[in-house]
Amino acid sequence: MPRNGYGHMVLDDYVAQVRAINSERAKRLASIRTRKEALAYQDQVCAAIDKAYRPWPRKTPLNARIVGTVEGRHYRIEKLVFESRPNCLVTAHLYIPNQLNGPAPGVIGSCGHDAKGKNSATYQAFCQRLARNGFVTLIYDPFNQGERDQYYKLRKRESVRSSTHAHNMMGKQLELVGEWFGAWRTWDGIRALDYLLSRPEIDPARIGLTGNSGGGTMTSWIWPVERRFTMAAPSCFVTTFAANLENELPADSEQYPPGAIRAGLDMADFFIARAPAPLILLGQTYCYFDRRGLKQAYGDVRRFYDLIGAPACATDLFIGPEGHGYSHHNQEAMVRFFARHARRPKVTRVRKTEDPGTQILNVTPTGEVVPAGSTPIYDLIAQKADALAAKRKKLSNAQLINRVNALLNLSPKRAIPHVRWLRGTSEDGIRLARFAVETENDIRAIMRKRPLESAHSHSLDVEREVHLYLPHVSAEADLSEEPLATKLKKQYPLYALDVRGLGESIADDERDFFHPYGNDYMANGYELLLGRSFLGRRVHDVLSTLDLLTAEGAKKIHLYGRGQGAIHALFAGFLHPQIAKVTLKNGPLSYHSWTQTPLVSWPSSSQPRGVLAAFDLPDLIRALGKKLTLIQPWGADMAPLRGKKLAQTLREVGLSHTLIKA
608 MPRNGYGHMV LDDYVAQVRA INSERAKRLA SIRTRKEALA YQDQVCAAID
658 KAYRPWPRKT PLNARIVGTV EGRHYRIEKL VFESRPNCLV TAHLYIPNQL
708 NGPAPGVIGS CGHDAKGKNS ATYQAFCQRL ARNGFVTLIY DPFNQGERDQ
758 YYKLRKRESV RSSTHAHNMM GKQLELVGEW FGAWRTWDGI RALDYLLSRP
808 EIDPARIGLT GNSGGGTMTS WIWPVERRFT MAAPSCFVTT FAANLENELP
858 ADSEQYPPGA IRAGLDMADF FIARAPAPLI LLGQTYCYFD RRGLKQAYGD
908 VRRFYDLIGA PACATDLFIG PEGHGYSHHN QEAMVRFFAR HARRPKVTRV
958 RKTEDPGTQI LNVTPTGEVV PAGSTPIYDL IAQKADALAA KRKKLSNAQL
1008 INRVNALLNL SPKRAIPHVR WLRGTSEDGI RLARFAVETE NDIRAIMRKR
1058 PLESAHSHSL DVEREVHLYL PHVSAEADLS EEPLATKLKK QYPLYALDVR
1108 GLGESIADDE RDFFHPYGND YMANGYELLL GRSFLGRRVH DVLSTLDLLT
1158 AEGAKKIHLY GRGQGAIHAL FAGFLHPQIA KVTLKNGPLS YHSWTQTPLV
1208 SWPSSSQPRG VLAAFDLPDL IRALGKKLTL IQPWGADMAP LRGKKLAQTL
1258 REVGLSHTLI KA
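For the sequence shown, counting from 1, position 387 maps to 994 in my numbering; every step adds exactly one.
Keep in mind that the hints are not guaranteed to be accurate.
PhoX-like mimics (lysine-lysine), calculated; alpha carbons at most 20 angstroms apart, straight line [unchecked claim]:
1. Lys-1188 x Lys-666
2. Lys-1001 x Lys-991
3. Lys-1020 x Lys-1001
4. Lys-1097 x Lys-1188
5. Lys-666 x Lys-723
6. Lys-1094 x Lys-763
7. Lys-1233 x Lys-1268
8. Lys-1251 x Lys-1234
9. Lys-643 x Lys-686
10. Lys-1188 x Lys-1233
11. Lys-1251 x Lys-1188
12. Lys-1162 x Lys-1252
13. Lys-1162 x Lys-1251
14. Lys-634 x Lys-1001
15. Lys-1233 x Lys-1163
16. Lys-1268 x Lys-1094
17. Lys-991 x Lys-1094
18. Lys-1251 x Lys-1163
19. Lys-1252 x Lys-1268
20. Lys-1188 x Lys-1252
21. Lys-1162 x Lys-1188
22. Lys-686 x Lys-723
For the record, the hints were derived by calculation from the structure and aren't laboratory data.
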């Protein structure tokens, strides 16, 4: 079992960074004394939120169709389908109360992560409670829930079997083209509202928005950017970004708005953006979204509402007695709040709700939108990637360096890092030295050196010609098992480096390193919130280590990388002037190829957000030229590319077969 004595290092570094930003935010909020100052803060919050969501698509025809009706005693359900984007079908239900007297208030309902989507008994229940109280309610299926399985055609689909895992897959691929899955989800909600407001039954001055869990997320994200909503009730999501981080709670890809923390935002700011519009925050006593953070968020919101002169009834906080979920307690609190602000003082309490069954409620003939003609999201992403590739211009070497540094948030100027001499270890009778390279803050990249024969392990004595190896997951594991590494250590004194979050700093987790909700995934999410690149920080660790080796006497450095390490080695080898040779084993040949397939096995931490708008890996490969050797490249599935598949990939990315070494 490889050692990982630095397992909390990455998490604790993020906690320190987020706490520092939150401290500055708290001081700024506390300094606001006047309504004018509050509104200026609100304007800045709105601008930062809008930046996180961009680019927005243009609105296209909804092409909405009502395909059936379910008649009930108190309401009817119209089954409908509309296009949020061209050929992107959204299935929905519209609950219309019987015997409406004039224009009625409306509500958009956003589903949580339930496989049944809008057909879930819980989500039908809150729609029924609203309908019984005179609200026309539209609830729609999110991507990969209900009838919107984007991977319907795939046989091998274990990696996207659950809706949350599917969302993270979509989010990962969208990052490559510089977009955020949360904005795509938000757009579905905006287009659902467009349809609701087209109905003659609706009073546009009384429109609510609610949802639980993942639906609470989308209520929180849609609310600040769509001002046609007049009241909101998110349930079982709102807390603080810091609470999720400190509690080691990874979020879904739509729950990491890019650059939000860097802009000084916390979750409360997504509601401050709409003050003084009526808002109730809902939670549960035993919800895994920390109720302490919920109370803190509500405190920030309420104080801000007071500053701008909003009445006390404009906000409320309700915490139910159960665990995570939209229990009847929370649903009833939402209905009471909406009824008060929709000027419907009499509230009917609904003790028992109905479940007509999936077959009755399905909108499409097969219960799936893809066979009904919907274009899967991965095809839409592929189209976007193709459009970016067509626009990209050939860059000079200097331009490419600037693009890489900018995208990875790297500074060309770095201080030589301090290095600690750690306790050595033995392998096959050879004493290995271990070093902690302090690359930034409290981050240490752990480097080991295996000499050809036993030597002193308590000093760093660097040869003029150095061989540095970057592993796929763990230096310790690769040095004992990987053929390239085991061959190298017999030929040269071999240095091997675990960058942050790999090898000795992998966090303790019973799940596999590549799990869709593992610590590596969560760290990447917080880098997105901080407006940076986790890959960039790992490349920074490599570059700092190369600086150290150079300062200690290295004149010529051979850099090797395998798997994830091949990506780190490619970027570092391109950027660092002391590199003589770069050898990449099991590395990818392009990021573009990751957008041309439904499923990608590589972790999101292996890619920088928006890379395909700037450059692609073949640009770096060509720039390295004769310095570079490629061995057994891997495809999007992290499996070897061979034969026709390899030839096709090389042809698509414009690389020569002569680069590949058997």
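Now the hints, each set against the structure:
This hinted pair does not check out: Lys-1188 and Lys-666 have alpha carbons roughly 50 angstroms apart, beyond 20 angstroms. Straight-line distance between C-alpha atoms of Lys-1001 and Lys-991 comes to about 19 angstroms, which keeps the hinted pair within the 20 angstroms bound. The hinted pair formed by Lys-1020 and Lys-1001 fails the criterion: a straight-line CA distance of about 26 angstroms is larger than 20 angstroms. Restraint check for Lys-1097 and Lys-1188: satisfied, since their Cα atoms lie roughly 18 angstroms apart, inside the 20 angstroms limit.
Between Lys-666 and Lys-723 the CA atoms are separated by roughly 28 angstroms; this puts the pair beyond 20 angstroms, and the hint is violated. For the hint linking Lys-1094 to Lys-763, the alpha-carbon distance of about 36 angstroms lies beyond 20 angstroms, and the restraint is violated. Taken as a hint, the Lys-1233 and Lys-1268 pair is honoured in the structure, with Cα atoms around 13 angstroms apart against an allowance of 20 angstroms. Restraint check for Lys-1251 and Lys-1234: not satisfied, since their Cα atoms lie roughly 26 angstroms apart, outside the 20 angstroms limit.
As the CA atoms of Lys-643 and Lys-686 are separated by approximately 46 angstroms, the hinted pair breaks the 20 angstroms bound. About 8 angstroms separates the Cα atoms of Lys-1188 and Lys-1233, which keeps this hinted pair within 20 angstroms; it holds. Taking the CA atoms of Lys-1251 and Lys-1188, the gap is near 28 angstroms; set against the 20 angstroms cutoff, the hint is violated. Proximity of Lys-1162 to Lys-1252 is assessed by CA-CA distance (about 39 angstroms); at most 20 angstroms being required, the pair is judged violated.
Between Lys-1162 and Lys-1251 the CA atoms are separated by roughly 40 angstroms; this puts the pair beyond 20 angstroms, and the hint is violated. Note on Lys-634 and Lys-1001: the hinted pairing is violated, with a Cα-Cα distance of about 46 angstroms set against a maximum of 20 angstroms. For the suggested pair Lys-1233 and Lys-1163, the alpha carbons sit about 15 angstroms apart, so the restraint of at most 20 angstroms is met. Distance restraint check for Lys-1268 and Lys-1094: the Cα-Cα separation of roughly 15 angstroms lies within the 20 angstroms cut-off, and the hinted pair is therefore satisfied.
Taking the CA atoms of Lys-991 and Lys-1094, the gap is near 42 angstroms; set against the 20 angstroms cutoff, the hint is violated. Of the pairs offered as hints, the one joining Lys-1251 and Lys-1163 is violated, with about 37 angstroms between alpha carbons and a cut-off of 20 angstroms exceeded. For the suggested pair Lys-1252 and Lys-1268, the alpha carbons sit about 16 angstroms apart, so the restraint of at most 20 angstroms is met. For the hint linking Lys-1188 to Lys-1252, the alpha-carbon distance of about 27 angstroms lies beyond 20 angstroms, and the restraint is violated.
For the hint pairing Lys-1162 with Lys-1188, the CA-to-CA distance comes to about 12 angstroms; that is within 20 angstroms, so the pair holds. The suggested pairing of Lys-686 with Lys-723 holds, with an alpha-carbon distance near 15 angstroms, which does not exceed 20 angstroms.
Taken one by one, the earlier hints fail for this structure at numbers 1, 3, 5, 6, 8, 9, 11, 12, 13, 14, 17, 18, 20, listed in ascending order.
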